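Number of protein chains: 2
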Amino acid sequence: MVKSIFWSYIAGFLDADGSIYVQLKRNSTYKYDFQISPSVVFYQKDNGVKGLPEIYEKIDLGHLRYRNDKMIEIVISDRKSIRFLLSKITKFLILKKKQAELMLLILNKMEEIKTKQDFISVAELIDEFRNLNYSRKRTVDSQVVKHHLKEI
Amino acid sequence: MVKSIFWSYIAGFLDADGSIYVQLKRNSTYKYDFQISPSVVFYQKDNGVKGLPEIYEKIDLGHLRYRNDKMIEIVISDRKSIRFLLSKITKFLILKKKQAELMLLILNKMEEIKTKQDFISVAELIDEFRNLNYSRKRTVDSQVVKHHLKEI
Chain A
1 MVKSIFWSYI
11 AGFLDADGSI
21 YVQLKRNSTY
31 KYDFQISPSV
41 VFYQKDNGVK
51 GLPEIYEKID
61 LGHLRYRNDK
71 MIEIVISDRK
81 SIRFLLSKIT
91 KFLILKKKQA
101 ELMLLILNKM
111 EEIKTKQDFI
121 SVAELIDEFR
131 NLNYSRKRTV
141 DSQVVKHHLK
151 EI
Chain B
1 MVKSIFWSYI
11 AGFLDADGSI
21 YVQLKRNSTY
31 KYDFQISPSV
41 VFYQKDNGVK
51 GLPEIYEKID
61 LGHLRYRNDK
71 MIEIVISDRK
81 SIRFLLSKIT
91 KFLILKKKQA
101 ELMLLILNKM
111 EEIKTKQDFI
121 SVAELIDEFR
131 NLNYSRKRTV
141 DSQVVKHHLK
151 EI
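Just so you know, the protein sequences line up as chains A and B, in that order. For the record, in the first sequence the residue sitting at position 59 is 59 according to the numbering used here, with numbers rising by one throughout. For the record, in the second sequence the residue sitting at position 142 is 142 according to the numbering used here, with numbers rising by one throughout.
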């Protein structure tokens, strides 16, 4: 009960000032030449008031990042921590519930990748964040992956 | 229990992207020539995704404001609504708990104002938001009020 209250608070915080997304990055050290990079991030302007670090201490996941543009972030990128966090907060999310569900689906599918086609299918799921997050332009999407994997 | 979960979510949302403050405004239609104007505001960038309006429908307090700079706000400024909201969320706030407590104190003191000195005391309490919110420069503070009330 008390725990639910806390995770519901965190859900509100993430809905207001957080982000759930997966990036595809070119990285030839990975089997399919692309890295799948999932993140859950909490943001806050670094205005001298100890805000986000206090939340960070309480959730105890990921790491704190002080950006050059006066923003602080809690960045959670390891799959286990993301799974744990989303298992706690997804049911309380109002604005980013779909992103959380898509993230969990992708994390599951990632573990089942056995073929190029499996990898492409995951890349296609990642494309769906584009519609949900209304976010930055993606330079690497499933089309890029598909094109590349046809050639190798 | 379910209600607590909701208000805890709202506390997280407000801690991440909201503000609790009281302004002093010159207004000669008021008895002491200044208006005490309390606000609780939720902010969000208007990125085309229906975000804050959805929260607004759920909390059902205040009004929605679409700003020219592509921000949406839920603005709650009537005292009764502020009292109601803060009675629900103060215990769940982590970052803005002091602001909530100061707001409730000021709302109580406002109702007991009988003399100029009472009014000045409230203005002094309002000054304390300056330290808590690390916010915009205040042009009207208790010094301005004090100076003015000595003259009338």
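Derived from the structure by calculation, the hints contain no laboratory data. Since the model is a prediction, treat every value here as computed from it, not as a measurement. Watch out, some of these pointers could steer you wrong.
You can't tell identical chains apart in this list, so a pair holds if it fits in one copy or across any two.
Said to hold, decoys possible - In silico EDC-like links for lysine to aspartate or glutamate, alpha-carbon gap of 16 angstroms or less:
id: 1; residue 1: Lys-98; residue 2: Glu-54
id: 2; residue 1: Lys-3; residue 2: Asp-69
id: 3; residue 1: Lys-146; residue 2: Glu-124
id: 4; residue 1: Lys-80; residue 2: Glu-124
id: 5; residue 1: Lys-91; residue 2: Glu-128
id: 6; residue 1: Lys-109; residue 2: Glu-124
id: 7; residue 1: Lys-50; residue 2: Asp-33
id: 8; residue 1: Lys-91; residue 2: Glu-57
id: 9; residue 1: Lys-80; residue 2: Glu-128
Hint-by-hint comparison with the structure:
no. : hint                 : in the structure
1   : Lys-98 with Glu-54   : between (27 angstroms within a copy, 15 angstroms between copies)
2   : Lys-3 with Asp-69    : neither (34 angstroms within a copy, 38 angstroms between copies)
3   : Lys-146 with Glu-124 : within (10 angstroms within a copy, 65 angstroms between copies)
4   : Lys-80 with Glu-124  : neither (22 angstroms within a copy, 50 angstroms between copies)
5   : Lys-91 with Glu-128  : neither (20 angstroms within a copy, 38 angstroms between copies)
6   : Lys-109 with Glu-124 : within (11 angstroms within a copy, 59 angstroms between copies)
7   : Lys-50 with Asp-33   : neither (40 angstroms within a copy, 36 angstroms between copies)
8   : Lys-91 with Glu-57   : neither (23 angstroms within a copy, 19 angstroms between copies)
9   : Lys-80 with Glu-128  : neither (22 angstroms within a copy, 43 angstroms between copies)
The structure fails hints 2, 4, 5, 7, 8, 9 (numbered hints given earlier, in ascending order).
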